[in-house]
Amino acid sequence: MAQKKLGKQTFKFSSNPIISSEAAVVGPMEGKGPLGEKYDMVLDNTFAGENTWEKAEQKMMQYSMELALEKKGFLPSDLDIYLAGDLLNQIISANFTARFLNTPFLGLYGACSTLIEGLCVAGILLDGGFVDRIGVSASSHHNTAERQYRYPTEQGTQRPMTAQWTVTGSGSFVVENSGSGVILTHATIGKINDMGISNANDMGSAMAPAAFDTIKAHLQDTGRKPDDYDLIVTGDLGLLGSNVLKEMMRREKISVDNITDCGTLVYSSNQDSHSGGSGCGCSAIVLSSHFMGKLLAGEYKKIFFVGTGALLSPITSFQGESIPSIAHGIVLEYMGGRQ
Amino acid sequence: MTEEEIWKKIKQREKIMSCSTLFSNFQMSEYQNELQKEHQKVLYWETKASGEEKIRFTNLRNEIEIQQMLLVKPKQEAYKAISNRLAPKQTVVKNTIMAFVFGGIICTIGQIFNNLFLQGGLTVKEAATSTSVIMISISAFLTGLGYYDELGKIAGAGTIVPITGFANSIVSSAMEFKREGYIYGVGARIFTVAGPVIVYGTLVSIVIGLVYYFIK
Chain A
13 MAQKKLGKQT FKFSSNPIIS SEAAVVGPME GKGPLGEKYD MVLDNTFAGE NTWEKAEQKM
73 MQYSMELALE KKGFLPSDLD IYLAGDLLNQ IISANFTARF LNTPFLGLYG ACSTLIEGLC
133 VAGILLDGGF VDRIGVSASS HHNTAERQYR YPTEQGTQRP MTAQWTVTGS GSFVVENSGS
193 GVILTHATIG KINDMGISNA NDMGSAMAPA AFDTIKAHLQ DTGRKPDDYD LIVTGDLGLL
253 GSNVLKEMMR REKISVDNIT DCGTLVYSSN QDSHSGGSGC GCSAIVLSSH FMGKLLAGEY
313 KKIFFVGTGA LLSPITSFQG ESIPSIAHGI VLEYMGGRQ
Chain B
825 MTEEEIWKKI KQREKIMSCS TLFSNFQMSE YQNELQKEHQ KVLYWETKAS GEEKIRFTNL
885 RNEIEIQQML LVKPKQEAYK AISNRLAPKQ TVVKNTIMAF VFGGIICTIG QIFNNLFLQG
945 GLTVKEAATS TSVIMISISA FLTGLGYYDE LGKIAGAGTI VPITGFANSI VSSAMEFKRE
1005 GYIYGVGARI FTVAGPVIVY GTLVSIVIGL VYYFIK
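Line by line, the protein sequences give chains A and B.
Residues 13 to 351 in our numbering are what the first sequence spells out, letter by letter.
Residues 825 to 1040 in our numbering are what the second sequence spells out, letter by letter.
Treat the hints as calculated values from the structure; they're not laboratory data.
None of the values given here were measured: they were computed from a predicted structure.
Using N, Cα and C, we set each Cβ at its ideal position, and we do this for glycine too.
Warning: the hint list may mix true and false statements.
[What the hints assert, rightly or not] Partner residues aside, some chain B positions facing chain A, computed with beta carbon under 10 Å:
1) Lys835
2) Tyr855
3) Gln856
4) Asn857
5) His863
6) Gln864
7) Leu867
8) Arg880
9) Thr882
10) Gln891
11) Gln892
12) Leu895
13) Ser997
14) Phe1001
15) Arg1003
16) Gly1009
Sequences and hints are given; from them, build the entire structure.
This is the structure in structure tokens:
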């Protein structure tokens, strides 16, 4: 019998894996957003001194991990394992960052849910007693994603109002098995949900059912109510997806008062992002700067963070397939200590 | 560790690295560790600084990154030498002969058509155009039936260089991407392989046309 499993999809960590350090590196547009002051590093331009956007994204991921390590005085060699992923084919940003860090590496792909997938796996590895210290990163870059998934970046297309703006940014975390700060208590692993949305410019609607499914499963598995959390945060549903999720929850008579979404927080309304932010970087930078700050300040005690991923592929969408979506959840609790 | 110390270390390493190219594993990991420590430090300072100070740190960081890159280069080169030595050799002579034979056969077939057209009363220009059309049609047809790629495997450049190879590259792209639909698949990807030939072929023909115009 699995001893650490609750219900069908939730794992309970008994050893209190702790997020001991985190850092966010973002692009210029995110730096001008409402959370601009909170990021560790804001790049002057989207190239970060490199000649391609792909290299720039890789550098962002690398820098965010290095900064997270430096804050605690660690070196990459102090990490037992590195978990990372991004949106690009063959998760190249993560691969090249891992090449640089020269640590054991597991690459992850969960589209925009990658960071939470990483934190779930980190919690499992730490709680299982396999490692002492893990690095987790996720990144995205507006221009690399646009090139791969949609149109050339300079093409004069009119984005529909349902479209979301891929965040240029990377967040990294150091998770350890001892220390003080924010602990991971539960992880809820999501199932693929597909409601037949095939529009690459409407990822929020595609992902909302997955988020709903994971939240519902989590509440069922743990026997908790939404009010047990100060906040339930979704990764990058955006304005539209967030509204769809709330509607779905209302129909099942689940309270929606404390639900918020990183995609709606990352840009201000005058930044022309349409339905908000998206991408692996979205939840990564908002969690590492905004929510970690609030947790460490004691403003929030307990958060359920749901990373949402639209597992979109340009090839299958041209072949007429819809977008499979997934959501993973992790419970973050502040235990006092680290300031 | 201070900024000056890091600059000093960089200069020191620069000297050593310019003298010796290949380090022992121990030395190398020593240097890598040093560089990593410095890189993280400078990066952290950079996030706290602003204005001129920040630019100074950025420059310092770039110096460190260059050294990080240079450090692994000799080891990679040494490894490449080993793997190249063990790689199976290309069968250059055989490939050349096969390309000559098959390229020759294709051109002979073309010549036969050309002569037949001339016999039939077409002008030289008309005969050449008609021959191209026939050869392209045959190659496209064979591509569709799945024979041309089998032929290409044996013939190499012999089937790529003549106009039949050009036709093959377009038809095969169209067939490949039909699965993604006629607009985003066939329409968007049909010139994936042939595109560079068309773009630079046109460009070169313009240049040659201009040269011809001026020296005539």
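Hint status (Cβ of glutamine 891 (chain B) to nearest Cβ of chain A, threshold 10 Å): violated (14 Å)
Should the hint that asparagine 857 (chain B) touches chain A count as held when the rule is a Cβ pair under 10 Å? holds (7 Å)
Interface restraint verdict for leucine 895 (chain B) against chain A (beta-carbon cut-off 10 Å): The hint is violated - leucine 895 (chain B) has no Cβ within 10 Å of chain A, the shortest such distance being about 12 Å.
Does threonine 882 (chain B) pass the interface hint, meaning its C-beta sits closer than 10 Å to a C-beta of chain A? holds (8 Å)
Could you check if arginine 1003 (chain B) really has its C-beta closer than 10 Å to a C-beta on chain A? holds (6 Å)
Given phenylalanine 1001 (chain B) was flagged as interface, is its beta-carbon under 10 Å from a beta-carbon of chain A? Cβ of phenylalanine 1001 (chain B) sits 9 Å from chain A, so the hint holds.
Satisfaction of the glutamine 864 (chain B) interface hint, Cβ to chain A closer than 10 Å: With Cβ-Cβ at 4 Å, under 10 Å, it holds.
Arginine 880 (chain B) was flagged as interface toward chain A. Is the shortest Cβ-Cβ separation under 10 Å? violated (15 Å)
Just to be careful: measuring from the Cβ of leucine 867 (chain B) to every Cβ in chain A, is the smallest value less than 10 Å? Holds. Min distance 6 Å.
Does serine 997 (chain B) meet its interface restraint, that is, does its C-beta lie within less than 10 Å of any C-beta in chain A? It is violated, given that the least Cβ distance between serine 997 (chain B) and chain A is near 15 Å, above 10 Å.
Given histidine 863 (chain B) was flagged as interface, is its beta-carbon under 10 Å from a beta-carbon of chain A? holds (7 Å)
Supplied contact hint for glycine 1009 (chain B), tested at 10 Å Cβ to chain A: Check passed: Cβ of glycine 1009 (chain B) comes within 6 Å of chain A, closer than 10 Å.
When held up to the earlier numbered hints, the structure conflicts with 1, 2, 8, 10, 12, 13 and fits the remainder.
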